[in-house]
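Engineer: Single-letter residue listing:
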Amino acid sequence: MAELPDEELCSRVAARDNSAFEALVERYQARAYRLAYSVLGSEADARDVSQDAFIKLFESAGKFGGRSQFSTWFYRIVVNLCIDYKRRQRWWSKIVRLRGSLPEGDEAGVEPVSFEPGPEAEAMRHETSTQLAAAFVHLSPNQRVAVLLQVQDGLSSREIAEVLSCSESTARVHVHRGLAALRKLLKKGE
Amino acid sequence: MKMDVHPQPALVPYVRGQLGSDESEAVRLHLEGCAACRAEAASLLATLEEVSARIQELPQPEWIAYRSELRRKLDARHFSRRRWIFGLASLTAAGAAVAATLLLVVRSPTHPVPPVEELALEQQLGSNDLGLLRNYPVVERLDLLENYDVIEHLNELSPAPREQHDSRS
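Residue numbers (this note's numbering), protein chains in the order written: chain A, 12 to 201; chain G, 488 to 656.
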């Protein structure tokens with residue numbers, strides 16, 4: 012089972028093969044978790060969301076059409092779930108803020124989901140104990156995802172763009188800026 | 488074709504060998520004549536390798552516990568889904584039964600109940616046609632016919648017990 016390609020394992024998962032599912036989980040658990048962590052910035056949230064991504068994989072493996080690589084398809088699931096998670100958190104924080112005293116003129120409603128640094132950066136700052144993790148905090152979530160996918164999976168700019176739902180040139184910019192920032196931060200930390 | 492602008496965003500895909508042949512050739516030509524981009528490409532490659540080597544530094548959970556938790560979540564989700572499907576199926580079946588009943592009630596031809604006099608007349612007319620019903624009181628006492636058979640053959644019974652009975656008396 013371990014030597015089978017991802018796509019073959021995925022088609023077996025679609026046929027409800029539990030051992031194929033376990034093989035895919037073992038193969039992707041660390042990568043999915045790191046990806047979720049890079050977006051959400053919290054170990055607990057990354058754990059929950061990456062597990063949800065595997066559940067989604069189990070339930071919708073039959074929808075993988077093979078038009079892209081399995082990894083790209085699966086990472087897209089992880090990133091979408093992260094975005095949903097952040098959206099829900101924003102809803103919740105809005106409600107909590109609305110229940111407190113809001114200053115006059117403050118806009119009520121849901122902010123559009125963005126990948127700009129947010130509370131997750133603060134969470135990461137608290138949780139990071141290593142130099143690399145500390146440096147990651149300073150990158151935007153898009154840059155973190157782009158660098159991570161380039162480093163851990165060697166995904167091409169086109170594939171990163173597919174995961175991030177952006178253009179290929181934008182994906183290249185995210186990778187370049189993210190790496191340039193990391194270079195500076197890692198040097199500073201030495 | 489040589490690039491006039493510094494192709495910095497293309498440097499990582501270039502050093503990783505991920506560019507198409509045309510673009511890769513254009514970047515290569517640019518790097519030949521641009522020391523700054525060559526240095527940048529080398530530096531980015533070194534950073535990539537450093538981050539690759541240190542990627543394990545990012546926090547990660549205990550994987551056996553992670554997978555057990557995932558399995559529990561998956562089982563719980565499927566259990567609740569099965570319950571939901573069963574509930575939905577039961578509800579659908581009940582709805583279909585109600586709908587079928589309603590349909591039967593609505594579509595069945597309406598026979599007005601005839602008044603009592605008409606019923607008596609129908610019974611009378613029917614009895615003219617049916618031989619058995621013509622002698623309804625006899626039919627009603629059919630059980631007597633069974634006894635009649637016994638009575639009819641009474642004389643065939645052996646007289647011995649009677650004599651014995653008589654001698655005793």
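Simulated from the structure, these hints should not be mistaken for laboratory data.
Predicted, not measured: the structure shown is a model, and the values here were computed from it.
By construction, the Cβ of each residue, glycine as well, lies at the ideal position given by its N, Cα and C atoms.
Just so you know, not all the hints are guaranteed correct.
What the hints assert, rightly or not - Partial list, derived from the structure: chain G residues whose beta carbon lies under 7 Å from chain A:
1. Q495
2. Q505
3. G507
4. S508
5. L532
6. V538
7. A540
8. R541
9. I542
10. Q547
11. K560
What the hints assert, rightly or not - Across the chosen pairs, the derived CB separations fall in these ranges:
12. L15(A) x W571(G): 30 to 36 Å
13. A540(G) x R78(A): 39 to 45 Å
14. G76(A) x R559(G): 19 to 25 Å
15. V492(G) x R99(A): 40 to 46 Å
Stated by the list, open to error - Facing chain A, from chain G, some residues (calculated, C-beta under 8 Å):
16. P496
17. R515
18. D562
Engineer: Against this structure, judge whether each hint is valid.
Structural biologist: Results of checking the hints against the structure:
1. Annotation: interface hint on Q495(G) holds; nearest CB of chain A at approximately 6 Å, less than 7 Å.
2. Residue-level restraint check for Q505(G) holds (minimum Cβ-Cβ distance to chain A is 4 Å; threshold 7 Å).
3. The beta carbon of G507(G) comes no nearer than 10 Å to any beta carbon in chain A, farther than 7 Å, and the hint placing it at the interface is violated.
4. Taking 7 Å as the C-beta contact cut-off toward chain A, the hint placing S508(G) at the interface is violated, the least distance being around 14 Å.
5. Contact between L532(G) and chain A, as hinted, is not supported at the beta carbon level, the nearest pair being about 9 Å apart and thus beyond 7 Å.
6. For V538(G), the suggested interface contact is upheld, since its CB lies about 5 Å from the closest CB of chain A, less than 7 Å.
7. Annotation: interface hint on A540(G) violated; nearest CB of chain A at approximately 10 Å, more than 7 Å.
8. For R541(G), the shortest C-beta to C-beta distance to chain A is roughly 5 Å, which falls under 7 Å, so the interface hint holds.
9. The beta carbon of I542(G) comes within 6 Å of a beta carbon in chain A, closer than 7 Å, and the hint placing it at the interface holds.
10. Interface hint status for Q547(G): upheld, as the beta-carbon distance to the closest one in chain A is roughly 6 Å, under 7 Å.
11. A distance limit of 7 Å between C-beta atoms decides the matter here; for K560(G) the minimum to chain A is near 6 Å, and the interface restraint holds.
12. Checking the proposed 30 to 36 Å range against L15(A) and W571(G) shows it holds: the Cβ atoms sit about 33 Å from each other.
13. Separation of A540(G) from R78(A) is about 33 Å and departs from the stated range, judged on CB atoms against 39 to 45 Å.
14. At roughly 30 Å, the beta-carbon separation of G76(A) and R559(G) lies outside the given 19 to 25 Å, and the hint is violated.
15. Under the hint 40 to 46 Å, the C-beta atoms of V492(G) and R99(A), about 42 Å apart, fit the expected range.
16. Because the smallest distance between the Cβ of P496(G) and any Cβ of chain A comes to about 4 Å, under 8 Å, the interface hint for this residue holds.
17. For R515(G), the interface hint is violated, the least distance from its beta-carbon to any beta-carbon of chain A being 17 Å, above 8 Å.
18. Checking D562(G) against chain A: minimum C-beta separation of about 10 Å lies over 8 Å; hint violated.
Checked against the numbered hints given earlier, this structure breaks hints 3, 4, 5, 7, 13, 14, 17, 18; the rest are met.
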